Structures are given as C-alpha cells and as structure tokens.
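Student: For the record, the sequence lines run as chains A and B.
Take 39 as the starting number for the first sequence in this note's numbering and just add one per residue.
Take 656 as the starting number for the second sequence in this note's numbering and just add one per residue.
Derived by calculation from the structure, the hints in this document are not laboratory data.
Values in this document were obtained by computation on a predicted structure and should not be read as measured data.
Treat each hint with caution, since some may be false.
As the list claims (entries may be wrong) - Not the full set, but computed from the structure, chain B residues with beta-carbon under 10 Å of chain A:
1. L712
2. R716
3. P717
4. I721
5. N723
6. L825
7. P838
To be verified - Straight-line alpha carbon distances no greater than 30 Å define the calculated DSBU-like cross-link-like pairs of lysine-lysine that follow:
8. B:K733 / A:K483
9. B:K861 / B:K733
10. B:K861 / A:K528
Note that beta-carbon positions come from the ideal geometry of N, C-alpha and C, so glycine has one too.
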Amino acid sequence: MKAVWPHLPALQVVIPLIGALLAGFMRRGTTAFALALVVSWLMPVIAVCMLWQVLSSGTISYHLGGWEPPWGIEYRVDALNGFVLVLVSVVGAVIMPFARRSVAFEIAAPQRAWFYCMYLLCLTGLLGIAITGDAFNAFVFLEISSLSTYVLIALGPDRRALVAAFQYLIMGTIGATFYVIGVGLLYLLTGTLNMADMAVRLAEAWPGQSPAVIAALTFVTVGVSLKLALFPLHAWLPNAYAYAPSWATAFLAATATKVAIYLLIRFLFSVFGASIDVRALPLSDILMALSVAAMFIASTVAVFERNVKRMLAYSSVAQIGYITLGIALANQAGLTGGLVHIVNHALMKAALFLAVGAVFYRACPMNLTDLAGIGRRMPLTMTAFTIAGFGLVGTPGTSGFISKWYLAIGAIERGWWPLVIAIMASSLLALLYVGRVLEVAWLRKPSPAIADASDPPLSMLLPLLVLALATIYFGIDTEWTAGMASTVAKALLGGVR
Amino acid sequence: MTAPSAETLVLLAVLVPFIGAVIIPLCHAVPNLREAVTLATAGILFAIVCALLTPVLGGARPEAHIINVTPGLALAFKAEPLGMLFALVASSLWIVNSIYSIGYMRANDEPRQTGFYVCFAVAIGSAIGIALSKNLFTLFLFYEALTLSTYPLVIHKGNEEAIRAGRLYLVLLLGTSLVLFLPALIGTYALAGTLDFTPGGILGGKVGAGIIALLLAMFVFGIGKAAVMPFHFWLPAAMVAPTPVSALLHAVAVVKAGVFSILKVVVMIFGVEALSAAGQSLWLTLAAGTTIIAASLVALRQDNLKRRLAYSTVSQLSYVILGAAILAPISLIGAAIHIAAHAVSKITLFFAAGSIHTASHLTEVSQLDGIGRRMPWTMGAFAIGAISMIGIPPAVGFVSKWFILSGAMQTGNWIAVAIIIVSTILNAGYFLPIVYRAFFREPHVGKHHDAPAHGEAPWPIVLALTVTAAGTILLFLMPNVPYALATMMMER
Chain A
39 MKAVWPHLPA LQVVIPLIGA LLAGFMRRGT TAFALALVVS WLMPVIAVCM LWQVLSSGTI
99 SYHLGGWEPP WGIEYRVDAL NGFVLVLVSV VGAVIMPFAR RSVAFEIAAP QRAWFYCMYL
159 LCLTGLLGIA ITGDAFNAFV FLEISSLSTY VLIALGPDRR ALVAAFQYLI MGTIGATFYV
219 IGVGLLYLLT GTLNMADMAV RLAEAWPGQS PAVIAALTFV TVGVSLKLAL FPLHAWLPNA
279 YAYAPSWATA FLAATATKVA IYLLIRFLFS VFGASIDVRA LPLSDILMAL SVAAMFIAST
339 VAVFERNVKR MLAYSSVAQI GYITLGIALA NQAGLTGGLV HIVNHALMKA ALFLAVGAVF
399 YRACPMNLTD LAGIGRRMPL TMTAFTIAGF GLVGTPGTSG FISKWYLAIG AIERGWWPLV
459 IAIMASSLLA LLYVGRVLEV AWLRKPSPAI ADASDPPLSM LLPLLVLALA TIYFGIDTEW
519 TAGMASTVAK ALLGGVR
Chain B
656 MTAPSAETLV LLAVLVPFIG AVIIPLCHAV PNLREAVTLA TAGILFAIVC ALLTPVLGGA
716 RPEAHIINVT PGLALAFKAE PLGMLFALVA SSLWIVNSIY SIGYMRANDE PRQTGFYVCF
776 AVAIGSAIGI ALSKNLFTLF LFYEALTLST YPLVIHKGNE EAIRAGRLYL VLLLGTSLVL
836 FLPALIGTYA LAGTLDFTPG GILGGKVGAG IIALLLAMFV FGIGKAAVMP FHFWLPAAMV
896 APTPVSALLH AVAVVKAGVF SILKVVVMIF GVEALSAAGQ SLWLTLAAGT TIIAASLVAL
956 RQDNLKRRLA YSTVSQLSYV ILGAAILAPI SLIGAAIHIA AHAVSKITLF FAAGSIHTAS
1016 HLTEVSQLDG IGRRMPWTMG AFAIGAISMI GIPPAVGFVS KWFILSGAMQ TGNWIAVAII
1076 IVSTILNAGY FLPIVYRAFF REPHVGKHHD APAHGEAPWP IVLALTVTAA GTILLFLMPN
1136 VPYALATMMM ER
C-alpha cells in the first residue's frame, strides 16, 4: 500500500489505459466486460483516496517520469479536479453493471469487446483531462476521449449512428483545433505548457488586457465550448446522444460534457483568472446570454421532440446552460450552483438515460407514443425516471432544487433579479417536457407493442435506482455536493484577481 | 413508558401519515383491513395533534430540527398556534373524510382504491408538514409535495377529461409556485437572511415599500393553491375527481394550505406593522374583493352542483385573504377562524353533493327538485352548510365573517365592508335556491330522467355529513379553541 500511495495520480490514468489495451485483444464481450467492471470499480477507490489526501493535506503534485515541472508533465490534483475525478469514476462504477445486458442486446457479438475497449479508452481520456496540470497533455487526452467517443457512438444499433458520429467528428475536431491554437498562443506568450506555471507567468508578463492573451482565451473558450455543447455550439449533441448505444449515452451525458466544463472552469479561473478579470470581459455577458438562451431554446425544442432520447439530449443542452450560467455569474453562490449542478445533473441524466435504455432493452420503443402505459409494465424503471425527471424540473426535495437555489442566490448577489424568474420559468419548460413523457408512460393504456415488457433484471435495475435515490438524497443532505462545491468555488474565486 | 415529549409529538405528527401510506399498500388484498389502517392512522394523527394542543395553548412552541439542507436552509418543524389550527382542521376532517370515502368509493365501485388511500395519506402528511413547518423552505417543500401527491387523485377517473384537468392542475400549481412563489422565497432569503417564521415578521425595516409590494404580490399570486384570480382555473377543472377528493381539495388540505400559507407569510414573514406602514392594504383588498365578487357571479350561473360549489370555494378563500388585507388584528383572527369555518362547512356541502350523486346520480342543480324529501339528512346538512357559507347564525361562517367585518369597520376600510355585503347577497343568491328546490318544489317525474326510487346514500356517507354539519353548528356555539389559537397567533 505504501508503495502504491504516492503513485495514485498515475494509476488513475494508467490502469484504464492498460485495461483498454487488454480489452482490445479480447474476443469475447463477457471477458471484456469483466475487465471493464474491475477497472471501473477500482477508479473511484483511487479518486476518493486522492480527494481525501487533498482535503487533508493540500494539493497533490505528481511528476510524471520524475521530470520536474514545468519541463515535465505534472499531474496536479486539487479540490476542483479531485471532485471531478470522483464524479466521473463514481458514475462509471455505478452504471457499469448495467452495461452487460444492454450492450449484449444492442451490439453485435464481434463488436462487444471493442465497445468495452473504447469505453476504457474514453474513461482514460476523461480522467486524464481532469487530472493533468499540463495544457497540451490535456489536449492529448481530449483527443483520446473524443476519438473513442466517436467509435462508441458509431457502434449504435441504428445506422443513423454513423452519420451522428461523423457529425460529431467534424465538430469535435474543429473544437480541438481551436483549443490547440489557443494553447499554442499561450505557449508563445509564456513559454510554458504547465497550467500553474502559465498562470504565474501570464500575471507577471502580461498584466492587464493584452490582445494576445484575450485571443488565446477566446480560442480556448470556443474550442472547449464546442466540446461541452454550449448553445449554439451544441449541434452535434442531440444526434450523438440519440443514436449512440443506450449505455454509452448515459455514460457520455454524465461525464464527457462535464469534464469539458471542468476544463473551461480551469482555464477561466485558474489559468487566466490570475492575470485578467474574466468578469470584466464581454465573455461574461456572452456566456450569460448563451446560457439563458440554452435554458429556454433547448428546453422548448425538447418540449416538441418526439424521440425520447433526443428530448433528453436537448434537455442536456438546456441543463448545461445552468452550469455555464453559474460560471458566468462568477460569484460564490453562483459558481457553487454551477459546480453542484455538474454533479446533480450528471447523476439524474445518467438515471434518465439508463431508464430509457432499460425500456429499450425490454420493449424497443423509440417514439413517445410507443411508451404508452409503460409505467404499468415497468413500474420501478419508470419510478426512477419520474424521480430523476422531477430532479430536472428542480422540485424541492430533489438535487435539482439545490442547484437552482444557489444559482438564484448568485443572480440576486449580482443584482440580476429578472434572472431568478428566468431560472424558474425555464424549470417550467422542463416540467412540460418531463410531464409529457410521464403522462404517456403512466396514464395511457398500454399498447400491444409492450404487452410483455417488465422491469429489467437486477443488474440493470440497481444502478438505475441508486442514481434515482441519489437525486433525492442530494436534495436533502448536500454536505458532499454543495458543501464540496462551495469549498471549490471559494478556492477558485480566491485565486482570481 | 413515559409520555413522549412535545418535540417528539411534532415529529410524529408529520411522520404518522407517511407511515400509514407505507402500510396501506401492504394490506391491498384485504380492503377491510386497508380501510382500518387508514382510519387508525387518521385517529392516531388526530390524537397526536390534540396532545400537542395543550402545550401550545400553554405557550410552549415545541420544535424538531431534522437537517440543514444548505447553510440557511433547514428542514425543521415547529408547532405554533396558526399551524396548530390548520393541523387540527386537516387531521379531524381526515377522519370524517375517510369514513365518507369508504362509503363513497365502495358504493360507486371506483377502481384503484389502494392507490387512492395511499395518495390521500401522503397528501395529509404534506398538509401537516405545511402546518407545522418552522420556516418558509420547509413549507415550500411540503407545498410541492402536496401538489404532487394530490395529482394522482385528481386524475383518478383516468379518462381524457380527468387527464386534461390533471394537466391544468399540475401546470398551474407547479407553474405559479416555481415562477412566483419560489423567486419570492429566494428574494426574501436574500433580503432578510433567514426564512424562519417569526412573530412580527422578518422583513420589517429591511426593505422599501416597492420591494414589499412586489414580494407580497409574488406570494399572493404565486401561492396558486389559494386560487386568487386569475390563477383559480385549476380548482373548477379538478371537479372531475371523485367527491372525497373534492372534499380534500376544498376543505381538508389543498386550498386551505394555500390560504394558510398566505396568512402565515403576511403575519410571520412581512409582519402586520410593516405591511400597514408600507400601505399594502388597498390593492390586496381589491385583488381579494375582485375574486370574491367575480367568483360569486360565476357561481350564480353554474347549473352543475359541484362546479357551483367550486366557484363558491374560490370566492370564500379570498375572504381569508381579505381578512389579511384589512391588516387589523381582529380581521386576521377572523381570517384564521375562516380557515376552520370554511373547511367544515364546505366539506358538508361536498359530502352532500357526493351523497346525491351516489344515491341518485344527479349532478345538476336543476334536477334537484324535491330531493330533500327523499334525502332529508343529506339536504338538511346541505342547508346548514349553505347558511354557514352565507354567514347566518347559528353556523360558524357567521363568526369568521363577523370578525373580518369588525376589522374592516375598525380600520375604516369601507371597500372591504362593501365587498362583504355584496358577496353575502350573492352567496345567498346561489345557495338558497338549491335549498328551496330541494325542500319546497314538487319532484318532476320522468322529464329528463326516470327518477329511480332512491333514498339516502349508504350510512357511512350520511354519518360523515351529519358529523360535519353538527360541527358547523358546534363551532358557532363553542369557537373557543380556534379563537384561542387565532388570538395567540397575533401575540409577539
């Protein structure tokens, strides 16, 4: 144990990477699944150990290969990314048991091992982005996660998955290009790629709003915004989520966009925050306007969407709007709201997509009308869907309420009263799109198509119920979500000029 | 075994209905046992509330703190006089309503009865949660829980009309609470730094008159359960539900939760002095007055008995708001008593309407000629409920109206006086013709309807409505407990 302890940051990334490599050589889906399960269950152990270490004795700095930063690559874990690592790894671990049957049902036998290989690679990429303290290394991990995501999406049971993957490939590549141009500019300006070092040098060498720094900030922001599906750069997301395999959608919705949001926060507050006041830039207003637009426009589209997975995908775009709103507010309460919504939204959206996946496993419906009466056939599944759905609406007693509470307080602190009404009015749209599904699922007569559907086996049901219960639990006891987010927000804002 | 402390009782009062809701489905297979559980739960709840009454009347304010959701947002309960009044109304009427439900649901052979009793218990639990909440956040939490738990009851029939009504119910109640109530709550928190209900209010002296007016408007219209126009449509629409549900909505829990919340916000968030100082009386009087008069005018034209009663509820609820708007201590006491008065009278009227429906399947006022001869108990109770609504002694409706009117005269609020007089005439105009038809007109035979030979409804129904009618008279004769609680509410 003593020997392993100092190397936890490296293991967090290396274990899934080796896992992916091994899975690539496997033939049978079940063995690859077993491997993925073991890796996924190991990840939160490592992440929690590191977070504990961070909280008890401060930031962890790990020098990869023994090379001193800023020359070598540094893995740097503080409260912010410790928190993101725990989120990503816990979501992966909780939903993993669901994968076996769902993947076996949706994906042809020869490709199953390949699916798990890609999942592990994606996990490597996401954990890597979160853990690394090196801007270019983050780009590499961004590409690893993106490329594996394209494959995951393309493995979807519908042929339209190929187009969706291609669409995402184009958009994702543009995003990555913007990001790497931004990082290149920063390298020119500072001569370093280490984020912490970059922050120090920017503050020393380029005080004030130098156009070069602003240009770098713009490139990075646009690039990352494409990955996190900030409205109106979200065009890739609905199709990608709708046609990917059910389980992959749940995983990606809960983790991929969240890690991109982390990267945005890291750049805005930790890298640029020390030299320029991000709040004084037009960026803050633009981000605010786009967030509000996302909340309303994407929610409205969701209200009229007939495919349930696409509806949930549009809802994701809207919910990401709440998170970026918190970033744009950039005060203690607002940022806490944004950060806590990263967790809350991840948990409830994973529950919703898993519920849809479970319904697909049992009944193969696609459109809303096919879901008629499914609540009577699959009561537990739809109960979980209902709970998580009310989480999206932000009913008190669910975690969604906590996020909106902090965001609203943040808006008032900034003196933007109308924003409070806007936050709540967009919740009403969420009520409409969630309510539409619930009404069809619980109140319509069951259609003959779903005559013999029933709740899925325990391995699928359990992850779903755990996530749904988490939506309620984190609506009542928020010490680990909002309390943590508040600590992180304080640290982030403390470092800002 | 020692008697549980008052703190434990507060917690138990909230928990007992929820525990009942868990046990009821376990008895799904044995309907008699299932109904016994409902009745036992209701009885235990009533006993607990009564046990709490003594310490509260003695000046104690037992509290139970559950958890701090975030710093500043606590889930906590506290028994104080106004809340005890509402808890008493809800818990006592739950017993009567359960007896009635058993008769009604069985006689009409309603489907999904287990689900019905479960949702009912959850709704009562939520109402008790509202009544005993220590702060606005806890109140809001249970307010939303009440909306969600009554929704399945509203759509109980499961047909297209019920689903449409349910949609309106949910969207209007959740909508107003999310878009107006919650922002007002957040604003209050931001301005006052706390959400605890405090005698004398928490906003006094902290904000200007403009903000007070805005917040008050957001509360009054945002608490959609109080059915202030224009957010009253959900109430008549919800009439599609079975009669025991209508009784729950109109008398036991839902609308009462609405006016209770407004009263509580006026007295313990804003504070009466702060509101008078900010000159908020006039517009609130007019808003309440408009609802009272307009809803009465609509009620005059309804032939469907339950719809007429529904509009009467809309009108009567605004009496409570009017009582609050006058901002005189005596009218606020009247408003608090009116919660109990309206509850017991309106539940009698709904029980009677359901009794008529069960026995004869008649739903329209114009069909009721001579029905008083076949159903003397039912229509006798209806008459008592009606005179209470109009505000004639010896029914309790007179007491509350009297207090509200005295307050209006004391403060020289002549608009309020005029509203009360006009509305009393209108109330008489839509209630007395029903009583007249029932007792003094010849039954017309075979005109629309081959009036089947029928007598009274099943005995549990008749028993329930007799009890509530008796309660309407008894409360007039002995209004001690509600009066004492309402008076204590005004003490600082």
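Student: Could you grab the alpha-carbon distance between K861 of chain B and K528 of chain A and see if it respects the 30 Å cut-off?
Tutor: holds (28 Å)
Student: Does the nearest C-beta of chain A fall within a distance shorter than 10 Å of the C-beta of I721 of chain B?
Tutor: Because about 9 Å separates I721 of chain B from the closest Cβ in chain A, which is inside the 10 Å limit, the hint holds.
Student: Under the criterion of a CB-CB separation shorter than 10 Å, is R716 of chain B in contact with chain A as hinted?
Tutor: violated (24 Å)
Student: Does L712 of chain B pass the interface check with chain A, least Cβ-Cβ distance below 10 Å?
Tutor: violated (31 Å)
Student: Measure nothing beyond the straight line between the CA atoms of K861 of chain B and K733 of chain B; if it is 30 Å or shorter, mark the hint as holding.
Tutor: Given that 30 Å is the threshold and the Cα spacing comes to 25 Å, the pair holds.
Student: Against chain A, with CB atoms and a cut of 10 Å, does the hint on L825 of chain B hold up?
Tutor: Nearest chain A Cβ about 7 Å off; hint holds.
Student: Would you check whether P838 of chain B satisfies its interface hint, that is, whether its CB is within less than 10 Å of any CB in chain A?
Tutor: holds (5 Å)
Student: Going straight from one Cα to the other, do K733 of chain B and K483 of chain A come out at no more than 30 Å?
Tutor: Not OK: K733 of chain B and K483 of chain A at ~44 Å, beyond 30 Å, violated.
Student: P717 of chain B was flagged as interface toward chain A. Is the shortest Cβ-Cβ separation under 10 Å?
Tutor: violated (22 Å)
Student: If you take the shortest Cβ to Cβ gap from N723 of chain B to chain A, is it below 10 Å?
Tutor: Cβ of N723 of chain B sits 9 Å from chain A, so the hint holds.
This entry does not satisfy hints 1, 2, 3, 8, going by the numbered hints stated previously.
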